[in-house]
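**Q** With these hints in hand, go ahead and build the complete structure from the sequences.
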Amino acid sequence: DTGVSQNPRHKITKRGQNVTFRCDPISEHNRLYWYRQTLGQGPEFLTYFQNEAQLEKSRLLSDRFSAERPKGSFSTLEIQRTEQGDSAMYLCASSLEQVAYGYTFGSGTRLTVV
Amino acid sequence: AQSVTQLDSHVSVSEGTPVLLRCNYSSSYSPSLFWYVQHPNKGLQLLLKYTSAATLVKGINGFEAEFKKSETSFHLTKPSAHMSDAAEYFCVVIQNTGFQKLVFGTGTRLLVSP
Chain A
1 DTGVSQNPRH KITKRGQNVT FRCDPISEHN RLYWYRQTLG QGPEFLTYFQ NEAQLEKSRL
61 LSDRFSAERP KGSFSTLEIQ RTEQGDSAMY LCASSLEQVA YGYTFGSGTR LTVV
Chain B
1001 AQSVTQLDSH VSVSEGTPVL LRCNYSSSYS PSLFWYVQHP NKGLQLLLKY TSAATLVKGI
1061 NGFEAEFKKS ETSFHLTKPS AHMSDAAEYF CVVIQNTGFQ KLVFGTGTRL LVSP
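Chains as they are written, first to last, in my numbering: chain A, 1 to 114; chain B, 1001 to 1114.
Calculated from the structure, these hints are not laboratory results. Any given hint could be a false lead.
Lysine-lysine pairs mimicking DSS-like chemistry, simulated, CA-CA at most 27 Å apart [stated by the list, open to error]:
| id | chain 1 | residue 1 | chain 2 | residue 2 |
| --- | --- | --- | --- | --- |
| 1 | A | 11 | A | 57 |
| 2 | A | 57 | B | 1049 |
| 3 | A | 11 | B | 1058 |
| 4 | A | 57 | B | 1068 |
| 5 | B | 1058 | B | 1068 |
| 6 | B | 1068 | A | 14 |
| 7 | B | 1068 | B | 1042 |
| 8 | B | 1069 | B | 1058 |
Computed from a prediction, not measured in an experiment: that's the story for all the values here.
**A** Laid out in structure tokens, this is it:
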């Protein structure tokens, strides 16, 4: 297990199209997080899973966004009807139960909506 | 709610000179604090963490940070900068409203000149 894996690394899409990103966390981590990072800003929390349950969603996550974590393993983040404002780096992270140990982040998926 | 403020958006140093990246925190109780580093087109990497043990925390690549409750600060330092230290640095706190999650500062870009 080499860490948190995210695919694809880059995605360019036309406005109005749907996109889906995948995150494979560290296998023994039961917590999984999605963050969004725009240029010049720190990452902002989007949503959180404990095993397969989605326990919290940020107000940043509009109705066009949906995330799943079937069977508590990998997770997907889907954006429907993409807008130019969705252009950002989407980061996935995972952690053990003790958040004080910190998160392990993936390299992210950079989305560009044209 | 817990939060962090990074006092400088950019810091420029010469190779071989000391590095100081400043972070103040806001918390009603003893916080858990982290520093993460993000190199261009790379994921976030944990540099060090403070979880109410020793106030001087040593991290990777020669970085360290000191927790000062009286000043509500958690500044990151390194005695001698290397070119490879050029990156974005984020001060991070655990926020406990709802569930525990990491909340990031806005980041400090460290520039290292020869």
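**Q** Determine which of the earlier numbered hints do not hold for this structure and return their numbers in increasing order.
**A** 3, 4, 6, 7
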